[in-house]
Amino acid sequence: MSVSVQKGDFDVGAEIGALTDVAGAGAVASFVGVVRGGEGAEAIRAMTLEHYPGMTEKSLADIIEQAQGRWPLLGVRVIHRVGRLLPGDRIVFVGVASRHRGAAFEACEFVMDYLKTRAPFWKKEETAQGARWVDARESDDAAAARWDKGE
Amino acid sequence: MSVSVQKGDFDVGAEIGALTDVAGAGAVASFVGVVRGGEGAEAIRAMTLEHYPGMTEKSLADIIEQAQGRWPLLGVRVIHRVGRLLPGDRIVFVGVASRHRGAAFEACEFVMDYLKTRAPFWKKEETAQGARWVDARESDDAAAARWDKGE
Amino acid sequence: MNVTVLFFASLREALGVERERIALEAGATVDSLRALLIARGEQWQPLSRGSVRAAVNQSLVTGANMLADGDEVAFFPPVTGG
Amino acid sequence: MNVTVLFFASLREALGVERERIALEAGATVDSLRALLIARGEQWQPLSRGSVRAAVNQSLVTGANMLADGDEVAFFPPVTGG
Numbered sequence: 010m011s012v013s014v015q016k017g018d019f020d021v022g023a024e025i026g027a028l029t030d031v032a033g034a035g036a037v038a039s040f041v042g043v044v045r046g047g048e049g050a051e052a053i054r055a056m057t058l059e060h061y062p063g064m065t066e067k068s069l070a071d072i073i074e075q076a077q078g079r080w081p082l083l084g085v086r087v088i089h090r091v092g093r094l095l096p097g098d099r100i101v102f103v104g105v106a107s108r109h110r111g112a113a114f115e116a117c118e119f120v121m122d123y124l125k126t127r128a129p130f131w132k133k134e135e136t137a138q139g140a141r142w143v144d145a146r147e148s149d150d151a152a153a154a155r156w157d158k159g160e
Numbered sequence: 010m011s012v013s014v015q016k017g018d019f020d021v022g023a024e025i026g027a028l029t030d031v032a033g034a035g036a037v038a039s040f041v042g043v044v045r046g047g048e049g050a051e052a053i054r055a056m057t058l059e060h061y062p063g064m065t066e067k068s069l070a071d072i073i074e075q076a077q078g079r080w081p082l083l084g085v086r087v088i089h090r091v092g093r094l095l096p097g098d099r100i101v102f103v104g105v106a107s108r109h110r111g112a113a114f115e116a117c118e119f120v121m122d123y124l125k126t127r128a129p130f131w132k133k134e135e136t137a138q139g140a141r142w143v144d145a146r147e148s149d150d151a152a153a154a155r156w157d158k159g160e
Numbered sequence: 138m139n140v141t142v143l144f145f146a147s148l149r150e151a152l153g154v155e156r157e158r159i160a161l162e163a164g165a166t167v168d169s170l171r172a173l174l175i176a177r178g179e180q181w182q183p184l185s186r187g188s189v190r191a192a193v194n195q196s197l198v199t200g201a202n203m204l205a206d207g208d209e210v211a212f213f214p215p216v217t218g219g
Numbered sequence: 138m139n140v141t142v143l144f145f146a147s148l149r150e151a152l153g154v155e156r157e158r159i160a161l162e163a164g165a166t167v168d169s170l171r172a173l174l175i176a177r178g179e180q181w182q183p184l185s186r187g188s189v190r191a192a193v194n195q196s197l198v199t200g201a202n203m204l205a206d207g208d209e210v211a212f213f214p215p216v217t218g219g
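Residue numbers (our numbering), protein chains in the order written: chain A, 10 to 160; chain B, 10 to 160; chain C, 138 to 219; chain D, 138 to 219.
Since the hints were derived computationally from the structure, they do not count as laboratory data. Only a predicted model underlies this, so the values are computations on that prediction, with no experimental measurement involved. Check before you lean on any hint, since a few could be wrong.
Some but not every residue of chain B turned toward chain C, in silico, with C-beta under 10 Å [to be verified]:
#	residue
1	GLY42
2	GLY63
3	THR65
4	LYS67
5	ASP98
6	ILE100
7	ALA128
8	ARG141
All C-beta atoms in this analysis are idealised placements derived from N, C-alpha and C, irrespective of residue type, glycine included.
Excised from the complex, chain A in its bound form:
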């Protein structure tokens, strides 16, 4: 179970390889988020990710701990980049290993949903019309709230 917050890129194949190598793992679900470019005047030229050092790592570790409490997980890896990124660049990786695919898929989506609404990262986009902070999406709050139902 490990968390990295870093400026540099990561090696998706190596990360998933480490998860498939965990003893007993039969299923590895993973997610990669990428900077979208877009078209025309709204096209994103670059994106800068600001974060709250210290709290970032703490909140991601807490999210993983919650996932481990809900599903029988054999491995969890979270990587989030910070700093300036260009369209097509990888932003985030979440990988989860479990014996069976149901737990792996659910836990991976849970970690992403919680990361999106609880981990202190903020995106600022640069377009032809200037720089602007990205607004939080209500759909992300709704996605995270799904996991609280029936508790």
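Model the placement of chains B, C and D on the given structure of chain A, informed by the hints.
Just chains B, C and D, lined up with the frame of chain A:
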């Protein structure tokens, strides 16, 4: 959108890289299935995957087409190995690219659930007690049936 | 009319047959073909298991599916890939 | 008692302040600290937005959270990572 049924291994990093490179992609969800080893007399020494050549590719292409009808997908890749595999070997890869993560996660899980119950592959395990065909799991039927609700 | 019949995995092993060409009367269905095979005797009883699935020309079908000359019919146990 | 206050992202830019040491009366809460800052004048109004989140010692908290000497308090807009 492409399907491969092959004896050889595959490169997870390259496959996911091809999906993140699709224009407009912001989210890539993926799944890797691995041969579990296990412990003691029940430990699996090897596994042989038999399939129905021709129907295999046709059924996987049909599953992808159904997924494309349900979610706005930008790329789908399915690879399934056949022949003799050892514990720790990769069996299957499913990767899905979309603009947003919700569609990518759901479509990836949908493809796996349908693959598990509709694509003509059969596993035979070799243990210290001999070879045996793997029984179908009711939980897989239940997982696939979820997607039919409310239609 | 003639059809090709294929058997896979545990069903192939239990029957001891991998493929066979069979002549059928017009109007035959997947169920009638299956009944004809089971009626051959003891060796063919594994085909009577309720879990046996069928495909015609590489698509899953139900037992009522009508057969045509040249069809490829397959019988197999529930799939276990992935 | 003294606390360190941090501001992030659009809130940091709107306030023009990144961090500050502030002396508080005993019994202060996140809400009372926030009210004290907003009362300073026009520049501090962005802190009154309903969407502003708070963390104490790097954990998300509600406004009623009591503060202690040496606490690190952070105010920021809704997060947008991932």
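When the nearest CB of chain C is found for LYS67(B), is that gap smaller than 10 Å? Constraint on LYS67(B) satisfied, holds at 5 Å.
Can the hint on ASP98(B) be confirmed by a CB-to-CB distance to chain C that is less than 10 Å? Violated, about 14 Å.
Hint check: 10 Å Cβ-Cβ cutoff, GLY42(B) to chain C: holds, 6 Å
For the hint on ALA128(B), does the least C-beta distance to chain C fall short of 10 Å? Holds, because the Cβ-Cβ distance from ALA128(B) to chain C comes to roughly 5 Å (cut-off 10 Å).
Chain C contact restraint for ILE100(B) - C-beta distance below 10 Å: Holds. Min distance 7 Å.
Would you settle whether the hint for GLY63(B) is holds or violated, based on the nearest Cβ-Cβ distance to chain C being less than 10 Å? Hint holds; GLY63(B) Cβ to chain C Cβ min 5 Å, cut 10 Å.
Hint check: 10 Å Cβ-Cβ cutoff, THR65(B) to chain C: Constraint on THR65(B) satisfied, holds at 8 Å.
Grab the minimum C-beta distance from ARG141(B) to chain C and call the hint holds if it beats 10 Å, violated otherwise. holds, 9 Å
The earlier numbered hint that this structure contradicts is number 5, and it is the only one.
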